[in-house]
Structure formats: C-alpha cells, structure tokens
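There are 2 protein chains.
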Amino acid sequence: MIAGFGRVGQIVARLLRARGLAATVLDLDPSTIDLMRRIGLKAYYGDATRLELLHAAGCAKAKVFVLAIDDVEKSIELAELVRRNFPHLKIIARVRNRPHYYRLRKLGVETVIRETFASSLEMGVEALRALGFGAHTALRSARNFRAHDEAAIERLAAIAGKGDDAFFAEARRAYEEIERLMVEGDHADARDAGWDDSTLREEVLRRSKVS
Amino acid sequence: MIAGFGRVGQIVARLLRARGLAATVLDLDPSTIDLMRRIGLKAYYGDATRLELLHAAGCAKAKVFVLAIDDVEKSIELAELVRRNFPHLKIIARVRNRPHYYRLRKLGVETVIRETFASSLEMGVEALRALGFGAHTALRSARNFRAHDEAAIERLAAIAGKGDDAFFAEARRAYEEIERLMVEGDHADARDAGWDDSTLREEVLRRSKVS
Chain A
0 MIAGFGRVGQ
10 IVARLLRARG
20 LAATVLDLDP
30 STIDLMRRIG
40 LKAYYGDATR
50 LELLHAAGCA
60 KAKVFVLAID
70 DVEKSIELAE
80 LVRRNFPHLK
90 IIARVRNRPH
100 YYRLRKLGVE
110 TVIRETFASS
120 LEMGVEALRA
130 LGFGAHTALR
140 SARNFRAHDE
150 AAIERLAAIA
160 GKGDDAFFAE
170 ARRAYEEIER
180 LMVEGDHADA
190 RDAGWDDSTL
200 REEVLRRSKV
210 S
Chain B
0 MIAGFGRVGQ
10 IVARLLRARG
20 LAATVLDLDP
30 STIDLMRRIG
40 LKAYYGDATR
50 LELLHAAGCA
60 KAKVFVLAID
70 DVEKSIELAE
80 LVRRNFPHLK
90 IIARVRNRPH
100 YYRLRKLGVE
110 TVIRETFASS
120 LEMGVEALRA
130 LGFGAHTALR
140 SARNFRAHDE
150 AAIERLAAIA
160 GKGDDAFFAE
170 ARRAYEEIER
180 LMVEGDHADA
190 RDAGWDDSTL
200 REEVLRRSKV
210 S
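For the protein sequence lines, the chains are A and B, in the order given. As numbered in numbering that gives the first Met the number 0, the first sequence has no gaps in its residue numbers, which increase by one up to the final residue, 210. As numbered in numbering that gives the first Met the number 0, the second sequence has no gaps in its residue numbers, which increase by one up to the final residue, 210.
Chain A on its own, in the form it takes in the complex:
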C-alpha cells in the first residue's frame, strides 16, 4: 500500500515491482492514472484521509503502509488515521523537514525518512571528492555524519515541543557535538587505517576554502 504517487511513491512502487510485488496505490491526482496503469498497479483515486477509501483499498489486510505524500499536514492527518484504524500496519513515512519528522515520531511512526537527507549527503560526498578527498574518506565522513545526525534528531524528537529554549539549546549542542565526534572519529580512524591518504587530506584542509 503506497499513499502518494509523486516522485517518491513512483520509485518505491517501481523498486517493489522489480522484485515482483505489485503495490496498491492511493493518489488524489487522476492525471497519474495513465502512469499507474502503464506499470500495472492497482490504483485508488481520492483523498486517502477518508477512512472508506483506506478500507476499500485493503488496508485491513495490508502489511506495510508507505506514506509518500508531499503535503505535510495531509501526511500527519493520514498517519493519525492509519495509526488509529489499522494499528497492525507498519508505516514507512517520507518527511519534508525536521518539524514534520518530530510530529510523525510523536504519533508513533517508527520509520521516518527525510526526503532530501540522503541526496544532500551524496552532494556533500561529491563536493569532498571534487576538493581532493579520496572516495573512501568522503564516504566514511558522510556515513559518520549520518549516524551522528540521526542519533541527534532522535534525541531532539523526544524533547520537541517542550519549550523552545531547551529545545534550541539542545539543537545547538547536538550540532557542535557532531563536529567534535567526527573529528575524534577521524583520529581513531587514522590510527586504524594506515592506507588512507591523510597527507593529502591535511593538504586539502590547509589549502581549501571550499568556496
């Protein structure tokens, strides 16, 4: 079951189909009917936040609900509806930004994926490589950054809404800590990985302004 057949829902549906799994798709926009038919998907048109539509589409028997709509308020409304009426369904949600992330996590949605986060890291990796870092170093940096950032956003989700001052103080602290942890992680890595070209890296750090 996939709600939303835009840029995100289409890729999810095509990946599943390539594994032999035909998703049922819910979408508001009748202009996507051709595309869905062309790739042989079951489609239900209409506002997915109407409970009858969810029943008609078969939510009671589904296992996974991919929440791929881009509108933040609709996404939250739909997550609430699914949580309340189909508590067995595992929700995998696309989120636009951090506030959206916090709100879905508060509703108990476990798998929450920031829609531009992975691509942003890929752009960062490309930038590091263009500035002279090796592929391994650039990828490892992005992986470390991601791990720290995902831990931080989970901590922030737990305190979101509990007063802005405490929240922003924690956000600042989290950002600073990520940089500190990454620098420490680099030193630990450097001891373990003799083959990594730290001389090149240092040279790049000295010379580069990124800019």
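It cannot be assumed that every hint is accurate.
[To be verified] Capping the alpha-carbon separation at 16 Å, the derived lysine to aspartate or glutamate pairs in EDC-like fashion look like this:
#1 B/K89 <-> B/E109
#2 A/K62 <-> B/E125
#3 B/K89 <-> A/E125
#4 B/K62 <-> A/E125
#5 A/K105 <-> A/E76
#6 A/K105 <-> A/E79
#7 B/K105 <-> B/E79
#8 A/K62 <-> A/E109
#9 A/K73 <-> A/D46
#10 B/K41 <-> B/D28
#11 A/K89 <-> B/E125
#12 A/K105 <-> A/E153
These are computed hints drawn from the structure, not numbers from a lab.
Assemble the complex: chain A is given as a structure, and chain B must be docked to it using the hints.
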C-alpha cells in the same frame, strides 16, 4: 561555494564543516543569517543569479559550486550563468525532477543529483524488509535498481527534447528493461550467492500483495 541554504545546502555545509572546510554560502533569504552565523559560515545575501554577487563571493577562485536552490527556473538560470562566466567551476547540482535533470545535463552540468531519489530507494528498502526480504537482498535490489535507473536517465537525457513520441517510447522501454535486467540479475546473483535465502524470498513473492 554553496548556493541555497535550505534543507539541502545546510546538510552539505555541515558535512564539509565537519571535515574542516568552511563554505561560502549564497542565499536570498535573510532569515537564514542567524543559522549561517551560528555555524560560522561566510554568507552573501542576494540573488545569486546576479553576476556581481558571484564575483564578490569569490567564484573566480572557488573550485566547486554546489547548486542547492530548490526553485527549478532559478537553478537553471544560475547554472547557465556559472557555466558561462566561471567555466573552471565544477557544478554539483540538486534537481527536483527528471525534466530539471535533463535541462541541467544539456547545459553541461556533470554531477546532477535527484533530490528525493536516494530517500525513495531507502523507503523501498524498508518496505522490502518489512515484507520479509533480508537486509542484503533488499539493499542489493535497491543498488541494482539505482544502477539501471541512472543509466536509463542518462540515455533519456541525451534524447530529451527530440520529439515527444520517440522520447516516451524510450522511457517506456527503459522502465521495462530495468525490471527485466533486475530479474536476470537476481538469477545471476542466486547462482553466486548460496547463502541468500531464496526460499524465503519466493515465499514472500507468493504470499505478498505488498499492499
């Protein structure tokens, strides 16, 4: 040099900073000034499509131009301006969708990253796992899908604009081919990787409706 300090530009800047590299950021929105100052970035406000601003910010000496603005027309305008005036600059661009991708590739931008593509694949991997596929199989599927899809979009970029009929015929063909290649790839993988749980996979394929 990073143009655009929204969801994407911020992650790129923070990743670079965690590697000791302080980016120069161009953004139209003065409300981001606090955030940029807080993380110690050089910032230039104003319309990045004005050539004077690019000069003032130091494009002539920069190596990499991260094009992270979300507005499609502005992005294309800026890519043209940078290509024409600073041909030495490597552009790493965020794109919203396929038409945006094709247009930047036609301008000669080499590194073009679809802003929701990687996250969509991650959602697909989570969905496959929730449906009973092993982590290895799910990740391998996404990796294969990505490789095929990126090859296909490059072929499509080369013929984009050359008459809609030919283009859509090729797009349909490309989508079908991706599914065929993935099924063939699976068989090849299955021969090589005896440890992968193909029995479980087949059972999931039989039982599951995804939905």
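List, from low to high, the hint numbers that the structure doesn't satisfy.
none
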